[in-house]
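Novice: Spelled out, the chains give:
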Amino acid sequence: MTTVMNQSAPGGAARQAAGLPRLLPAAPEDLRAHLARYGPAPYRNQAGALINDVEASGLTGRGGAAFPVYRKLAAVARAGVRSGHLQGGRTVVVANGAESEPASRKDELLLQLAPNLVLDGLQLTAEAVGAAEVHLYLHRAPGPQILRALAERNARGLDRLAVTITQAPPRFLAGQEAAVVNRLGGGPALPVFQPPRVSERGLGGAPTLVQNVETLAHLALIARYGPRWFRAVGTAAEPGSMLTTIYRPDAKPHIREAALGTPLATLLGAEANVQSWLVGGYHGTWLPMPDAAGLTLDNASLGRFGAAAGAGVLAALPSDRCGLTEAARVTRYLAAESAGQCGPCLNGLPRIAAALAELAAPGHRRQTLADLKRWSGLVEGRGACHHPDGTVRFVRSALTVFEPEIARHARGHCSATNRAPFLPLPDGLPASEEDWT
Amino acid sequence: MNTAFWYASRATGIVALLLLTAVLVLGILVNRQGRLPGLPRFAVTDVHRNLSLLSVAFIVVHVLTAVLDTYVHIPLISAVIPFASGYERLWLALGAISLDIMLAMIVTSLLRGRLNRILWRAVHLLAYASWPVAFAHSIGSSKDLQQGWMLGLAAGCAVIVVAAVIWRLAHAARQVPRPRRVAAIFSQVTR
Chain A
1 MTTVMNQSAP GGAARQAAGL PRLLPAAPED LRAHLARYGP APYRNQAGAL
51 INDVEASGLT GRGGAAFPVY RKLAAVARAG VRSGHLQGGR TVVVANGAES
101 EPASRKDELL LQLAPNLVLD GLQLTAEAVG AAEVHLYLHR APGPQILRAL
151 AERNARGLDR LAVTITQAPP RFLAGQEAAV VNRLGGGPAL PVFQPPRVSE
201 RGLGGAPTLV QNVETLAHLA LIARYGPRWF RAVGTAAEPG SMLTTIYRPD
251 AKPHIREAAL GTPLATLLGA EANVQSWLVG GYHGTWLPMP DAAGLTLDNA
301 SLGRFGAAAG AGVLAALPSD RCGLTEAARV TRYLAAESAG QCGPCLNGLP
351 RIAAALAELA APGHRRQTLA DLKRWSGLVE GRGACHHPDG TVRFVRSALT
401 VFEPEIARHA RGHCSATNRA PFLPLPDGLP ASEEDWT
Chain B
1 MNTAFWYASR ATGIVALLLL TAVLVLGILV NRQGRLPGLP RFAVTDVHRN
51 LSLLSVAFIV VHVLTAVLDT YVHIPLISAV IPFASGYERL WLALGAISLD
101 IMLAMIVTSL LRGRLNRILW RAVHLLAYAS WPVAFAHSIG SSKDLQQGWM
151 LGLAAGCAVI VVAAVIWRLA HAARQVPRPR RVAAIFSQVT R
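So the protein lines, in turn, are chains A and B. Just so we're aligned: 141 in the numbering used here is position 141 of the first sequence, and the numbers increase by one with no gaps anywhere. Just so we're aligned: 2 in the numbering used here is position 2 of the second sequence, and the numbers increase by one with no gaps anywhere.
Everything labelled a hint here was simulated from the structure, so no lab data went into it. Beta carbons: idealized from backbone N, C-alpha and C, even for Gly. There's no promise every hint is true.
Some chain B residues close to chain A (C-beta under 7 Å, calculated; not the full set) [claimed, not checked]: (1) Tyr7; (2) Arg10; (3) Pro179.
Calculated from the model, a selection of chain B residues having no Cβ within reach of chain A, i.e. all distances over 10 Å [to be verified]: (4) His48; (5) Val80; (6) Pro177; (7) Ala183; (8) Ile185; (9) Val189.
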């Protein structure tokens, strides 16, 4: 179902090749192939040594938030030293492959094709922050490639720390940092109020670094080839490449590694039969067409439309669908995925979802649109996590981009000719506490 | 002048009891996510917080005037250290205990952003101990409250607090389990 599109297979001389893809080989690579291409993980034998390189590289988190990676590394390393006399300086590193965004498939593919790159990154990061414990947190049961990689590395004694695998529940918020730590600690995968941040007090009270698996794979390459190599692609402010999951009108969803700054039209196509682009997934932003057609895949460019690349989910909505219906379907899903812990999110999102569903049907009340805008303002910034904020960003951009369609619906018309759902949504909504474990 | 401190201490003490009663009831309302007529939900939290600080101001005046009053000798330290006063030893000790608990609640609330929520909550639950102790201190040490319409006032406070606690427990028992809350709201809004 999901296919990879590689511009070219990575050559043997990966050091010189700044070209893409950097992360995704054409077929799953076992340890032998991995070592032949990259050699063993370059341990520095000194905690913290890697952090300067990561800072110089400008690598940001690829899980969605695009937070500078070196700052998280430094914070956890520092917290580990500070708590050293209390708990022996033990920190924890978690490779986050929860990929709880239903439209994103890039982490899953990365773990299939290049599991050793992720595991190298995990071990190198653990060394950099002085970790005593490493975890791999996965969306589904570990696939054969990852199990084989772990077994092969184990047999050769490559990993300094044993990797514990935990499966995430299929919940939208299961990959949120605090939810990850809660789940690894044996509890439900639910976000909690921070502070204390998990980088200060995480798993078992130890400073904990939670980093997306793609971020760790980039880090494993930066450790080998250095920051200048990493900066050879991307923009000066946002260097490197990122994995994107792309949905286009007439193609199967596919994963593509793209340099930051790549024109979105290169990735999403410039077809005339597209009415809007959705960038950044379900906490992302609908972009108006053709106004946004010149944007590039980096947050400096996307920010002009209030958008961000997030975890790299890009979709081009065909003209024959109803954008309001798509937005309402996704918003209903997001509301149902509320952890139900914070009042504004719990009370607000279902109301917002119901109002958007009313707009998606013909002949809505005039008051509904005003309610929707007011409620959106009321829930923003009032959650323990960013679920309400992300949902509101998605809804607001839909109201802006599909404004002409709202007016048509008010008169009882809809311009869609194709009723088939376009954006993927999982079925099975949470109903009991066990659904979060 | 001689009796001014004495009168002031009695008056502020009684006002503080009324305020603390309101603070406790509002705290229960905040906990159960209830509302006051005409106010948004977050404003209930603000009223709760501001009244609690106001009641501490009254308690400070209540303590200082009692200490400054020369008719009986009460050491200042007995405001926070139980059994440090020879006068009304038991009743003033109860006042000190309840004040100590209030101070702990205020300090943990001011530091709430930096504290673990379980710790904050544990300290805040002590409110249910603080109010009865303060009430006992008021009744025990005040001849005013032991008779007449003031006794009625004190009894009224006690009735209100007991009713609020019963309401809280009943409300908690009816609470929708967390995983079903979103579905419950959905069924409300799509009816």
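Novice: For each hint, tell me whether it holds in the structure or not.
Specialist: Hint check:
1. Tyr7: 45 Å, violated
2. Arg10: 41 Å, violated
3. Pro179: 5 Å, holds
4. His48: Per Cβ check, histidine 48(B) is outside 10 Å of chain A; nearest 15 Å; holds.
5. Val80: 30 Å, holds
6. Pro177: 7 Å, violated
7. Ala183: Check fails; 7 Å does not lie beyond 10 Å.
8. Ile185: Since the minimum Cβ distance to chain A is about 4 Å, isoleucine 185(B) lies within 10 Å and the statement is violated.
9. Val189: 4 Å, violated
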